[in-house]
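Colleague: Chains as they are written, first to last, in the working numbering: chain U, 1 to 477; chain D, 1 to 300.
Keep in mind the hints are simulated off the structure, nothing from the lab.
A portion of the hints provided could be inaccurate.
[Claimed, not checked] For lysine to aspartate or glutamate, the following EDC-like pairs were computed, each having C-alpha atoms within a straight-line distance of at most 20 Å:
| # | chain 1 | residue 1 | chain 2 | residue 2 |
| --- | --- | --- | --- | --- |
| 1 | U | Lys200 | D | Glu180 |
| 2 | D | Lys105 | U | Glu345 |
| 3 | D | Lys113 | U | Asp362 |
| 4 | D | Lys110 | U | Glu187 |
| 5 | U | Lys349 | U | Asp331 |
| 6 | D | Lys102 | D | Asp157 |
| 7 | D | Lys105 | D | Asp157 |
| 8 | D | Lys211 | U | Glu440 |
| 9 | U | Lys470 | U | Glu390 |
| 10 | D | Lys105 | U | Asp393 |
Computed from a predicted structure; not experimentally measured.
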Amino acid sequence: MSEGEIIGSYIVPVHPHTYLVPEQNPGWTNLRAAFDEAALRIKNSEADLLIIYSTTWPSIIGHQIQADPNPEWVMVDHDFHDLGSIPYSFKIDAEFANAWNEANHQRGLKSRTVNYYGFPIDVGSVVALKLLNPDNAIPAVIVSSNVYANRSETSVLAKACLDVVRSTGRKAIAITAMSLSNRMFTENIAPEDDKIHSLKDDEWNSKILELVEMGRLEDVGQLSRTIQEQIRVRKVVAFKPMWWLSAMNDNRNDLTGEVLAYEAIHGAGAAVIHLDPTSCGTGDKEYDEDDVEYFHGDRGVLESSDLETTDMDDSLEEIDDELIVEDNGPDLWEPTTADGSVNTESAPKPVGAYPHARRVGDLLYLSGVGPRQALDNSIPGGPIHDEDGEPLDYDIKAQTHAVIDNISRILEEAGSSLDQVIDVTTFLVDMKRDFQGYNEVWAETLGQIGPTRTTLAIRALPTPIAVEMKVIAQLSE
Amino acid sequence: MAKGKIVAGCIAPHPPHLVYAENPDQNEPTSEGGWEQLRWGYERLRESISAIEHDVIVILSPHWQTYVGTHFLGLENFQSLSVDPVFPNLFRYHYDLNVDVKLAKQIHDKAEKSGLSVKMMENPDFRVDYGTITTGHLFNPKWDKPLVVISSNRSTDYYSPEVMQEMMIELGRITRETIEESGKKAILLASNSLSHRHFTTEAEIPEDMSKEHITSHAMHLWDMRIIDYIRSGQTQRILDEMPEFIEQAIAESDGGGLSWLISALDTPEYPAILHGYGTIIGTGNAVVEWPCYKHEGESQ
Numbered sequence: 001m002s003e004g005e006i007i008g009s010y011i012v013p014v015h016p017h018t019y020l021v022p023e024q025n026p027g028w029t030n031l032r033a034a035f036d037e038a039a040l041r042i043k044n045s046e047a048d049l050l051i052i053y054s055t056t057w058p059s060i061i062g063h064q065i066q067a068d069p070n071p072e073w074v075m076v077d078h079d080f081h082d083l084g085s086i087p088y089s090f091k092i093d094a095e096f097a098n099a100w101n102e103a104n105h106q107r108g109l110k111s112r113t114v115n116y117y118g119f120p121i122d123v124g125s126v127v128a129l130k131l132l133n134p135d136n137a138i139p140a141v142i143v144s145s146n147v148y149a150n151r152s153e154t155s156v157l158a159k160a161c162l163d164v165v166r167s168t169g170r171k172a173i174a175i176t177a178m179s180l181s182n183r184m185f186t187e188n189i190a191p192e193d194d195k196i197h198s199l200k201d202d203e204w205n206s207k208i209l210e211l212v213e214m215g216r217l218e219d220v221g222q223l224s225r226t227i228q229e230q231i232r233v234r235k236v237v238a239f240k241p242m243w244w245l246s247a248m249n250d251n252r253n254d255l256t257g258e259v260l261a262y263e264a265i266h267g268a269g270a271a272v273i274h275l276d277p278t279s280c281g282t283g284d285k286e287y288d289e290d291d292v293e294y295f296h297g298d299r300g301v302l303e304s305s306d307l308e309t310t311d312m313d314d315s316l317e318e319i320d321d322e323l324i325v326e327d328n329g330p331d332l333w334e335p336t337t338a339d340g341s342v343n344t345e346s347a348p349k350p351v352g353a354y355p356h357a358r359r360v361g362d363l364l365y366l367s368g369v370g371p372r373q374a375l376d377n378s379i380p381g382g383p384i385h386d387e388d389g390e391p392l393d394y395d396i397k398a399q400t401h402a403v404i405d406n407i408s409r410i411l412e413e414a415g416s417s418l419d420q421v422i423d424v425t426t427f428l429v430d431m432k433r434d435f436q437g438y439n440e441v442w443a444e445t446l447g448q449i450g451p452t453r454t455t456l457a458i459r460a461l462p463t464p465i466a467v468e469m470k471v472i473a474q475l476s477e
Numbered sequence: 001m002a003k004g005k006i007v008a009g010c011i012a013p014h015p016p017h018l019v020y021a022e023n024p025d026q027n028e029p030t031s032e033g034g035w036e037q038l039r040w041g042y043e044r045l046r047e048s049i050s051a052i053e054h055d056v057i058v059i060l061s062p063h064w065q066t067y068v069g070t071h072f073l074g075l076e077n078f079q080s081l082s083v084d085p086v087f088p089n090l091f092r093y094h095y096d097l098n099v100d101v102k103l104a105k106q107i108h109d110k111a112e113k114s115g116l117s118v119k120m121m122e123n124p125d126f127r128v129d130y131g132t133i134t135t136g137h138l139f140n141p142k143w144d145k146p147l148v149v150i151s152s153n154r155s156t157d158y159y160s161p162e163v164m165q166e167m168m169i170e171l172g173r174i175t176r177e178t179i180e181e182s183g184k185k186a187i188l189l190a191s192n193s194l195s196h197r198h199f200t201t202e203a204e205i206p207e208d209m210s211k212e213h214i215t216s217h218a219m220h221l222w223d224m225r226i227i228d229y230i231r232s233g234q235t236q237r238i239l240d241e242m243p244e245f246i247e248q249a250i251a252e253s254d255g256g257g258l259s260w261l262i263s264a265l266d267t268p269e270y271p272a273i274l275h276g277y278g279t280i281i282g283t284g285n286a287v288v289e290w291p292c293y294k295h296e297g298e299s300q
């Protein structure tokens, strides 16, 4: 079986006008024609799965994935109920939904599937599936948009999805059901009076479309917070579908973009956009955000008393470091800076007088790296004991992922990368308990690269962690 | 025709957990209980209300979210299955409710004349939101009184809490005047929580009360501040502090229900009855009654 891939992406509007009453306004007619064109392209592609991220399905407990193989109902929009009803009967790829859910858990996300008779599929998903997949020829999967999710959580959601797409050999189409500017007129208007709510919204929409047409999806993703601030009503869901869609496309800036239509629906910016993964040959990625592989932001609100410090949403992402530095062991030191030293603020501070790494010739020797986080000294997966030495439950997989993330950051600072690692010595404080979990994470990550490895059991480490790695890597030429 | 009146006004929050915990026949999932403090609060509210004669229940629900004005259910009966899109594991409720369309239309018409953007919802396929169903069930499990159901206009999101309050204070006044003109006795329900910061994880057993608490001390302080005002008859202060409350406690009163209720009750200065307070998945919830019938004729 060949590895699966995303063979195309679409951005489509959410409101029911394009399905129910396209004839009432030339712009809606135009959008409907664009939907029809997109449907034709999908039909003529090799697609065997449609993946929808819908902004009109908010969730609170992590993300939810539709897993009813054949959901049926009649959808009526909460606002535009006077336009009519939309009966639906969809074909959902429940097997994929369940696999995605499991992949989410593997990457540290909270998620669950929903499979309940009568579950109200949201208007954005209904319109997208009715128009893009009118014959139900291609099975679909739908995921919610978590109201509290930040960029890392949303990106990891996409990466977990890609894990399953690739491992199952799917040829998938990624779809975001969303508005551009989402400010609607707050009064009833005649269809012929529809237009983008304001010139400012129109100008921002045009900028987004310009970037997307140049294939610069990741740039749009990185502008997401600015766009949200400028042209979006707060509601419950930010402009986060672009984070998801960009991650679904490996955060690329060189896609081939085409705007099939851009019009207003009751004042909101509505566009049908096709993004082809074929490189357009241009695009310069300025990647200034962490490329997160594993979601460490389990807020743990049911277990932790540090609620204010761990329970964050988009508006609270800028956290004062000093407020949340956790007491996880001995005092922290500034790394030493002898010749050849390599240090980075994105790795945890040392617990003694040593650097993060040191260059010798074309080799890089790293000091022992644990899972502590640079930002707040917290330990993903939790510390192994409390301040009194009482044992605590912890997640060895989360700790191991965090160690490897920290190693990756130090290597990148030195101009190397994870795939340049040639030898690793791992120290576990509880071999019997933790070897299997550690070994699984290893197999998914460094095991794919193939460095030599030695794993030792030791009695303790200076901080309340379960795993530490000592790494030797080659420096990139 | 005798002059109609509002005989009571209540804050009647709608987390579906409360219905789930009760195991009514209409709800498919079953539980081992949970959230008793609030459910006992609802019991006390029902007992308190039982002696009050009333013809209709008017609910403003923050989970019927409308962006184009305020909407009113406009058909006489709705029957269907309500599945909570956020907590479908807890709430799949078979409902059958009647609407006082005449009163709904009268409020709608008067609001329209006053310049508010309004619409009647007359699509028979429409599913009533789970907030309305939950509050309706908890307040009146027999479902033997007709409802007027008002949507939540999201003007806080579109404009600001101040604009929302202007609109809801106007809608509250219109609701009161229309009820008086109708000759009916009405109970008003604002279906909203107070602080509204959720946990983002759910306990393995949702009704595991060892996991339930307010999400943060700041939320608790805000809830207690608002409850103090409620219990001491300082409703004008609630209106005055509403923008800060909404911003800092992410309060569900952003949907307009509490402002509408206070306005409809003519900004009462007498103490309300706190029947119960508790948290649900971290949010703060109070069951409150303003016993208007005891204070008829009092100047506000």
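Colleague: Are the hints correct? Go through all of them and say.
Modeller: Against the structure, the hints come out as follows:
1. A hinted pair counts as satisfied when its Cα atoms are at most 20 Å apart, and Lys200/U with Glu180/D does not qualify at roughly 45 Å.
2. Between Lys105/D and Glu345/U, the direct Cα distance comes to roughly 63 Å. Violation of the 20 Å bound is thereby established for this hinted pair.
3. Among the hinted pairs, Lys113/D with Asp362/U is inconsistent with the structure: their alpha-carbon atoms are about 80 Å apart, more than 20 Å.
4. Between Lys110/D and Glu187/U the CA atoms are separated by roughly 16 Å; this keeps the pair inside 20 Å, and the hint holds.
5. For the hint pairing Lys349/U with Asp331/U, the CA-to-CA distance comes to about 10 Å; that is within 20 Å, so the pair holds.
6. Our distance criterion of 20 Å between C-alpha atoms is broken by Lys102/D and Asp157/D, whose separation comes to about 30 Å.
7. Note on Lys105/D and Asp157/D: the hinted pairing is violated, with a Cα-Cα distance of about 26 Å set against a maximum of 20 Å.
8. About 31 Å separates the Cα atoms of Lys211/D and Glu440/U, which puts this hinted pair outside 20 Å; it is violated.
9. A threshold of 20 Å between alpha carbons decides the hint, and for Lys470/U with Glu390/U the separation of about 27 Å lies outside it, so the pair is violated.
10. The suggested pairing of Lys105/D with Asp393/U is violated, with an alpha-carbon distance near 59 Å, which exceeds 20 Å.
Hint compliance for this structure: hints 1, 2, 3, 6, 7, 8, 9, 10 are broken, all remaining hints hold.
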